[in-house]
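K.L.:
These protein sequence lines are chains D and W, in that order.
Mapping of the first sequence onto my numbering: position 342 corresponds to residue 342, and the numbering continues sequentially without gaps.
Mapping of the second sequence onto my numbering: position 174 corresponds to residue 1174, and the numbering continues sequentially without gaps.
There's no promise every hint is true.
[Claimed, not checked] Simulated pairs of lysine-lysine, DSBU-like, Cα-Cα distance not exceeding 30 Å:
no., chain 1, residue 1, chain 2, residue 2
1, W, K1040, D, K157
2, D, K22, W, K1208
3, W, K1208, D, K294
4, D, K157, W, K1208
5, D, K199, D, K59
6, W, K1208, D, K92
7, D, K433, D, K294
8, D, K199, W, K1131
[Stated by the list, open to error] Rough simulated footprint, nothing fancy, chain W against chain D, three-plus residues with beta-carbon under 8 Å:
no., stretch
9, 113 to 127
10, 171 to 178
None of these hints come from the bench; they were simulated from the model.
The beta carbon of each residue, even a glycine, is placed where N, CA and C say it ideally should be.
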Amino acid sequence: MELIYILIIPLVCAGLSAMPTKRRWYPALITVIGTLLAFIEASRVALEVSSVTEVVAIKGWVSCDALGALLLLLISFVALTSAIFSWGFTGKVIAQNRPERVGRYYRRFNLFVFSMLAVPVLSQIALVWIAVELTTLLSVFLVSFPNTSEAFEAAWKFAVLTCMGAGLALFGILILYWGVTVSGGETFTWSGLVEAAPKMPPALLQTAFLFILIGFGTKAGLAPLHTWLPGVYSQTPSPVCALMSGVETSTALYAIIRLAPAVHGIHGGFPEQWMLVFGLLSVGLAAFLLIQVKEYKRLFAFSTIEHMGIILVAVGLSGAGAYFGASYQLLTHAITKSFCFFAAGATLRLTGSREIVSVRGLIRKSPFVGVSLFLGALAISGAPPFAVFMSELVILKSGISNGQYFSVGLLALFVVVAFCAIMFHVSHMVFGKVTDHSQVSALPRSYAIGIGLAAIPVCLFGVYIPGPLLNLLHLAATLLGR
Amino acid sequence: MLTTNSTILVLTALNALAGGFFLLTAFALIASRQSLACLKAFIIQSLLLAMSALLLGYQNASVSLLIVGGITIVSKVVLIPWLFLGTLAHELRTRREITQVFSITISLLISLVLVIFAYFIAVTLLGASPKQEATINLPIGLAGLFLGAYAITVRREAVPQVIGILAMENGAFFAGISIAPDFPLIAELAVAFDVLLIARIMGVLTMKVHQHTGTTAVGEMAVLREE
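Model the full structure from these sequences, guided by the hints.
P.N.:
Structure below.
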């Protein structure tokens, strides 16, 4: 039943926050409570899944296994921190005398959260496609929320490119369905697909995989179809960025890597090679583009492309160790990247500038924001002892023990380049000489609470992962292999 | 027996005719110079998709395909044009030449290459898993998908780009009705809803882009330079 609650809660919140009210903090409170409830339910699902392998609400339609539960947990956690952070963000909107926009923001926010939570919860692949498409359609007006011409341009590019990708993925899914019926499979669910896959004609499986990889890859921000992503993340409100970067890209990637066990080993590892190629291309391109970046939100946007690439490479490397690395990286990226965007949002609020060059000496202006941004940069670029470092280490180690030296060597090189680029830019922002002596605006309390809450797993998971979570990661990893 | 055989032959021939015209409308989407012409081509294309679904449904006595045909007519032939004319009437009626990145001749040549590419993919798929009904629908649907994607990338105006997205879905389903005839109905309904949502949201977005940037030549927006 938890799964049904998880789907209903954000819908109810969306309805409640759309109601006209005199109290402007009311939709914010509703959303925080709703996401907290969703997070509690998701934790219960995550605990339950380790004992029963699959939590079923409606057999064949709504169910969730370990990989889905991991994603569910991440989405609901980021949604919670983002909802808290949004409180301060919408406070600014009220200050601009547009109170009616607050309700609209929260209605869209909740619907967006709903569409993302639906992806891991639905078990019919056709419905997963629709849920992924809905994550695009329901976030378009969140991207354009600032109501500037740049924001509309970003929203347009985002919607058109990802819808185009969805069209390609739809064709892939239809072929997949064809393959399942040809091989006598009965249900078109993830588990049904894995069962039917060995009897499916490899040509169908391979073509379907390519269409879905390119289609959903567009949405996950994989190169060369990533071009919408940096512009969108630079314009979108930071709490929405945290959701989009931390978990929306992961939901699209989830739909790709769920195919990994089905396509494993066909045509002498053809799909794995494609994953490696696309993954390494994304990591490499992002790493070198990070060097010349001019805005700090774009910096984290390119880092998102890099991390999506790393996860895909990990799945492409294949083998139990690499699969564990992939699910681990899914976790570390979601928690760390959302934290980074909160820190970036706080920086934007303080300084009012998106440019890297115009932010200098942040730590002197506001020690809290300066430290958070620096911590976020260290954590996301993979410095020890943060969680991203650990997960990247797992991936590299398993690749070496598999003997895939070339791919691992390239991956390590790109990761180091990205590390240097991110640290170069952010250390200038944080420690550079203060050039602009204007008074900084005060930080809303909800920003501090959101950042503080998001910082807990970022700092903790590098040195200690709670037993049940580690167990969940291992279970999720086994689902990526055959 | 003879009558059944000839009935099937007639149905197959009619379906092939629908397929041929479907491909023509996909070309028309690329060649047309006016937004309204694009929309008209899309409506005709959707009608042909519905016709093919009804023909295949009748031929295979498949109720779900007949329903798909009905859903297509309601959503794509009636509701989407209605939504478009509601939100974008002005945009559609202005007789403005809509430009492309390439000239129309070059675009048509590239489209031809895409159709041949689609045909080769379809042949490989059909070779791996032969299916009688799909010999017409699969290559043409795939070609429709590619031409829709191509229209999105070369068009500079907002409305033709949105129609390109919808045409991609048409292409996918033109293939889909032959290769996945018993696709879950609930998914079909959800996709129809999704397509309506695309039309609505993109229509509103087009309007807002027009309000804020003063143009709908989205291909020329380049404030957010790609790095």
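K.L.:
Each hint: holds or not?
P.N.:
Comparing the hints with the structure gives:
1. K1040(W) <-> K157(D): Within the cut-off at roughly 25 Å; holds.
2. K22(D) <-> K1208(W): Between K22(D) and K1208(W) the Cα gap is close to 28 Å, so the pair holds against 30 Å.
3. K1208(W) <-> K294(D): Holds. K1208(W) to K294(D) sits at ~28 Å (cutoff 30 Å).
4. K157(D) <-> K1208(W): holds, 14 Å
5. K199(D) <-> K59(D): This hinted pair holds, its Cα atoms lying about 24 Å apart.
6. K1208(W) <-> K92(D): holds, 22 Å
7. K433(D) <-> K294(D): Judged against 30 Å, a Cα distance of about 18 Å means the pair holds.
8. K199(D) <-> K1131(W): Given pair K199(D), K1131(W) holds - Cα atoms ~17 Å apart, limit 30 Å.
9. 113 to 127: holds (count 3)
10. 171 to 178: holds (count 5)
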